[in-house]
Amino acid sequence: MNNKPFIKRALVIGGGIAGIQAALDIADGGYEVILVERSPSIGGHMIQYAEVFPTLDCPQCIMTPKMVEIAQHPNVKLMTYAVVQKVNGSAGNFEVEIFQKARKVDVKKCTGCGTCWQKCPEKVSSEFNAGMAKRTTVYIPFPQAVPAKPVIDTEHCRYIHYQQYMAGKREGKKPPECRICEKLCPVGAIDWEQRDEIIKEKVGAIVVATGFDLMPLSRIPEYTDDADVLNGIQFERLLSPSGPTAGVVMRPSDGKTPKEVVFISCCGSRDPEHGVPYCSRVCCMYLAKQALLYKHAVPDGQAYIFYIDTRSTGKGYEEFIQRVVSDGVLYLRGKVSRVFREGDKLSVYGADTLSGKRVEIAADLVVLGMAVVPSDGTKGLLTKLGIAFDEAGFVVESHTKFRPLETSVPGIFVAGMAQGAKDIPDSVAQGSGAAGRVLTLFAQSASADKALAVV
Amino acid sequence: MTKREDRIGVFVCHCGLNIAGTVDVQQVVDEIKKYPGVVHAEHYMYMCSDPGQELMRKAIREKGLTAVVNANCSPSLHERTFRRVCASVGLNPYRCEIANIREQCSWPHTNDKETATKKAIAIIKTTIERLRLNMMLTPLVIPLTKRALVIGGGIAGIQAALDIANGGYEVVLVEKETHLGGHVMELSATFPTLESPRDFLIPRINEVMTHPNIRLYLNSEVDKVTGYVGSFSVKIRQKEKIVEEEVGAIVTAPGFELLPREKLPVFPDDPDIVDGLQFERILSPEKLVEGKIKRPSDGRVPQDIVFIQCAGSRDPEHGMPYCSRVCCMYTAKQVLLYRKAVPEGQAYVCYMDIRSDAKGYEEFFQQVMSDDGVLYVRGNVSRAFRDGDKLKIWTVDTLSGKSLEITADMVVLALAMVPRSGTRELARKLNISVNEHGFLTEAHIKLRPVESLTSGIFLAGAAQWPRDIPDTIASASAAASKVLSLFSRKELLHEPTTAHVDEEVCSGCGVCVPVCTFKAISIDEKKKVAVVNEALCEGCGSCAATCPSKAMQHRNWSHRQLLAMIDVAGGGYV
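The listed protein sequences correspond, in order, to chains G and B. Here the working numbering is used: the first residue of the first sequence is 67, the next is one more, and so on. Here the working numbering is used: the first residue of the second sequence is 3, the next is one more, and so on.
These are calculated hints, taken from the structure and not from any lab test. Watch out, some of these pointers could steer you wrong.
[To be verified] FRET-style restraints, in silico, Cβ to Cβ:
1) 322/G / 497/B: 34 to 42 Å
2) 261/G / 493/B: 55 to 63 Å
3) 261/G / 32/B: 31 to 39 Å
4) 385/G / 280/B: 27 to 35 Å
[To be verified] List time: in silico BS3-like cross-link candidates among lysine-lysine, alpha-carbon distance up to 30 Å:
5) 423/G / 401/G
6) 143/G / 167/G
7) 404/B / 401/G
8) 431/B / 268/G
9) 178/B / 237/B
10) 404/B / 178/B
11) 132/G / 148/B
12) 143/G / 529/B
Owing to the predicted nature of the structure, the values given are computational and were not obtained by experimental measurement. Every residue, glycine too, gets a C-beta built ideally from N, C-alpha and C.
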């Protein structure tokens with residue numbers, strides 16, 4: 067027991083939909099919240115999607131108001147491009163060290179006018195577009211980014227390379243000095259001198275909402291590494307009006323309209339041998355949605371979905387699957403053993419366990435429902451927080467059944483995919499739920515403080 | 003109201019390609035710039051984004067705008083966003099209106115760009131005409147009672163009540179039965195850990211019973227609810243007694259029950275055909291005499307037992323079209339418990355798809371399925387009937403394509419989960435909506451999962467949709483957090499765009515009273531005029547449309563405004 071005062075201020079780690087919801091609810095409850103997100107913008111994976119099932123709402127439309135609310139809320143301190151690197155203390159008194167990466171842009175001066183990212187000559191793979199398009203090295207990840215202020219990707223920036231070259235042994239070809247962004251910025255916001263910072267904060271409670279990544283394709287060697295073999299998020303970008311093809315469905319390899327598309331469920335899920343033993347919960351539904359959106363984009367195209375069991379357990383989900391089936395999407399119950407290129411086509415070898423026959427499909431495009439895994443770096447963060455996690459790296463709740471939002475450390479709560487695979491409504495509910503636990507803890511601490519004072 | 007010389011700004015959003023893919027936004031801007039009163043018009047990729055909002059602020063300041071039209075998606079999405087933008091630079095937010103050119107224009111006309119563009123221009127012009135006559139309004143301030151009602155004392159209601167009570171506010175908890183705990187109390191054990199739920203529930207129930215902030219009404223039902231967010235008045239019936247409680251927010255958690263067996267004539271009424279909850283009681287430690295499971299008809303240990311999944315679920319013809327979400331897992335648990343109690347017994351599970359889709363569930367299911375004494379058969383059951391001492395089950399194995407007949411001693415039906423009886427009536431009393439199956443409807447299925455469309459009323463647990471214990475608890479804590487957020491405010495604000503009565507014109511005929519879905523209108527018998535409770539009025543406009551003498555008008559949707567809109571609506575098509 068310590069007798070320091072209980073700090074009624076919360077830290078939320080992760081700016082996806084779960085973290086956003088948790089931060090907003092705590093802030094609306096009247097307490098300060100620090101929201102830490104490691105990428106340059108909040109929004110997480112949800113903002114990458116084309117449309118969401120079963121209502122086919124566009125996430126840009128339904129999510130950006132919440133993102134804007136985060137930016138405008140007087141109780142929220144938003145820190146993007148930052149990671150939590152050290153945590154000490156206990157419920158009521160956590161001391162947190164946050165590593166703020168240098169943006170190399172003075173956000174106070176920057177107006178977000180866009181000149182720098184429109185003119186930057188160096189292009190690299192875009193994370194937001196899941197590698198399906200390029201972005202510049204000074205960039206905002208997507209047009210509705212919050213904050214709408216760019217960062218300079220120091221790993222790829224020409225001038226940073228130039229500086230490193232000049233300061234080092236000067237071997238090989240000299241990189242161009244560039245500095246185009248600096249020359250063109252109308253307000254002089256480019257700040258090469260800006261350094262990484264360590265910011266210390268004190269909080270009373272923490273919500274972990276670090277989200278997920280997809281299992282890398284390389285874990286399943288039977289499915290070939292090919293430009294026309296996409297994972298679920300890449301296909302979302304291909305379907306999205308804000309995506310690299312402006313929503314026109316075309317094959318990445320040659321730009322042709324794909325007429326036969328095969329969707330494969332359980333790529334690495336329910337597969338202890340190659341992937342993970344668990345079910346990723348969301349793939350059945352998003353693949354069904356993607357097949358439907360593909361049919362909308364290419365009405366004369368044929369979509370096939372290979373599955374083991376369809377898992378449509380949410381509200382309106384079973385009905386949604388029935389709609390997809392009646393729209394002409396063909397469901398095949400079986401696993402796919404191989405995907406490989408044969409000339410212009412991709413050969414998909416699978417089985418239909420209901421007829422007991424082998425199935426071969428010559429496809430133009432293959433979409434893989436890759437297993438959901440905790441986001442990169444989760445285990446390291448959870449170790450710093452001192453909270454328990456399972457083999458896969460998901461946070462272990464203090465009781466699987468009855469305490470689903472509490473972790474093994476009092477004062478630290480969990481929400482969203484960091485706890486296990488789940489869909490958007492469940493992530494939002496957990497975000498609000500974790501916020502509820504924080505609000506309750508802060509209210510109880512008032513009486514606890516009094517009790518301590520008496521002792 | 004007189005026409006002011008407004009300086010109008012129009013902001014057209016592309017919404018990515020949602021609008022700009024169909025509507026020629028440049029043409030819209032060029033055309034609208036020529037319209038009387040418009041001093042500024044521009045288009046942008048995402049007007050709701052930070053830079054989009056900044057464009058608006060800049061134009062309002064620099065051009066001295068006195069009225070703003072945002073042409074974009076439905077007002078339900080971004081009206082608040084853009085009105086806040088206006089307020090942030092000193093413009094009355096009710097001088098900002100939305101022209102819906104997405105849901106009402108670009109989406110339904112994707113194949114006809116020319117018409118869609120014309121229509122978008124017409125929609126914006128009508129909005130401008132309406133806006134010229136808009137009043138500057140200020141939100142209503144309504145009182146806030148910081149005390150909550152929780153309906154239902156199952157696991158969801160218990161969690162919500164404790165969270166709110168521990169959050170420092172008083173809670174009134176109403177439970178129909180004589181005890182707390184709901185269906186979870188009836189369970190023998192919970193998967194995947196096989197712990198008794200009582201170990202957890204009983205301490206929680208004790209906490210509720212002794213909590214200084216919780217007033218518990220057992221054996222009671224909500225009889226009547228009046229009022230609105232911040233000030234609900236609730237009549238609670240406890241046997242013959244009626245008590246009244248004042249609360250500011252309500253959490254609705256009435257829970258579920260199983261689909262009645264008689265809906266499924268394929269399963270006859272037989273003592274050895276039991277439902278999932280009945281089997282939980284048979285499995286409960288106090289019933290397991292010497293660890294033995296006994297069948298109801300003659301007390302013999304069932305050597306062959308058939309578990310039938312989707313009994314009434316995913317079956318639009320006889321039962322419900324939806325999946326009940328929890329049956330796959332509780333059946334797997336029951337199979338495991340059966341096999342522990344009867345090691346020489348054989349269990350069959352007839353299923354359509356296995357849905358073990360939450361944390362640890364797939365692993366648990368794999369463990370059960372790999373047991374030699376368990377056989378999962380993928381197919382629907384066509385008949386179950388008694389044959390002497392035994393039950394016969396006709397089914398099909400869709401994986402081998404063969405018909406099967408299983409002879410069993412006992413059958414367990416995983417009956418569909420349906421809302422608890424009385425949920426529809428309760429929803430009517432609360433004035434919240436239910437879907438076609440009677441489940442409570444949330445405000446937005448994706449992003450507002452625990453709010454109802456009636457402000458101040460929240461949802462938790464399986465009354466909203468079949469869900470398991472962890473998801474139920476998360477939803478209950480989420481509902482509690484919404485209540486705690488609400489109570490943390492100093493005062494409550496309500497939209498001022500409500501109906502109001504011109505008492506000079508109103509004859510007190512009362513036609514408007516029954517059309518109001520929010521029960522906001524009453525008749526003042528003395529004055530013989532209608533009276534609108536503005537705190538209850540959601541501004542839907544039904545009363546104004548119904549009023550035969552036009553005495554009832556809607557603020558900022560007056561008849562005069564509507565006529566002005568109609569005047570210009572058809573202009574672009576001639």
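Problem - Unmet hints by their number, sorted upward, for this structure - result: 1, 2, 3, 8, 10 and 12
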